[in-house]
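Q: Take 156 as the starting number for the sequence shown in this note's numbering and just add one per residue.
Don't take every hint at face value.
Per label pair, the in silico range of CB-to-CB distance [said to hold, decoys possible]:
| hint | residue 1 | residue 2 | range |
| --- | --- | --- | --- |
| 1 | Ala269 | Arg183 | 37 to 47 Å |
| 2 | Gln228 | Ala250 | 36 to 46 Å |
| 3 | Ser264 | Ser166 | 26 to 36 Å |
| 4 | Gly236 | Glu209 | 13 to 23 Å |
| 5 | Ile268 | Gln219 | 17 to 27 Å |
| 6 | Arg280 | Ser251 | 26 to 36 Å |
| 7 | Lys265 | Val245 | 35 to 45 Å |
| 8 | Arg272 | Asn216 | 37 to 47 Å |
| 9 | Ala238 | Thr198 | 11 to 21 Å |
| 10 | Phe246 | Glu217 | 40 to 50 Å |
It should be emphasised that the hints constitute simulated quantities derived from the structure, not laboratory data.
Even for Gly, the Cβ is constructed at its ideal location relative to N, Cα and C.
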Amino acid sequence: MAHPTQKPTASELEILQVLWTRGPSTVREVYEVLSEKRDMGYTSVLKLMQIMTEKGSVRRNETQRAHVYEVCQPAEKTKRGLAADVLQRVFDGSASELMMHALAGHRASKEEIAELRRLLAEYERKQS
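Sequences and hints are given; from them, build the entire structure.
A: Structure (structure tokens):
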């Protein structure tokens, strides 16, 4: 039974990042990308992707010998949901507190700050 509202674990997010970047991929292809970053066994990747299929975060195409997995939701929708969850659970709904903590723990480039200003201005225009 699929549970699309379940939040992905850290390992599942790594797999989703690979699938968002590469598009539909086999377990072997995902494993090869992940193994460049950290020591992770093929069977661990396979098991995680099977769990993700059960959760409804990925779907498996079984028409070929090697099953091909693809994401069920676009990256933006998943990221928006995770951000909203963190905003509510950690920052009690305060976007400014979230932003202050995010910037305090990360050295933002001039380009990132300019993009934040642009996004805020766009957000204000939409609110008017």
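Q: Confirm or reject each hint.
A: How the hints compare with the structure:
1. Between Ala269 and Arg183, the C-beta spacing of about 41 Å keeps the proposed range 37 to 47 Å intact.
2. Here the CB-CB span from Gln228 to Ala250 is close to 23 Å, at odds with the stated 36 to 46 Å.
3. The beta-carbon spacing between Ser264 and Ser166, approximately 29 Å, falls within the hinted interval of 26 to 36 Å.
4. A hinted range of 13 to 23 Å holds for the C-beta pair Gly236 and Glu209, which are about 19 Å apart.
5. The supplied range of 17 to 27 Å is broken by Ile268 and Gln219, whose beta-carbon atoms lie about 46 Å from each other.
6. In this structure, Arg280 and Ser251 break the distance hint of 26 to 36 Å, their C-beta atoms being roughly 19 Å apart.
7. The given range of 35 to 45 Å is broken by Lys265 and Val245, whose C-beta atoms sit roughly 27 Å from each other.
8. The given range of 37 to 47 Å is respected by Arg272 and Asn216, whose C-beta atoms sit roughly 43 Å from each other.
9. Separated by about 32 Å at the C-beta atoms, Ala238 and Thr198 break the suggested range of 11 to 21 Å.
10. The beta-carbon spacing between Phe246 and Glu217, approximately 42 Å, falls within the hinted interval of 40 to 50 Å.
When held up to the earlier numbered hints, the structure conflicts with 2, 5, 6, 7 and 9 and fits the remainder.
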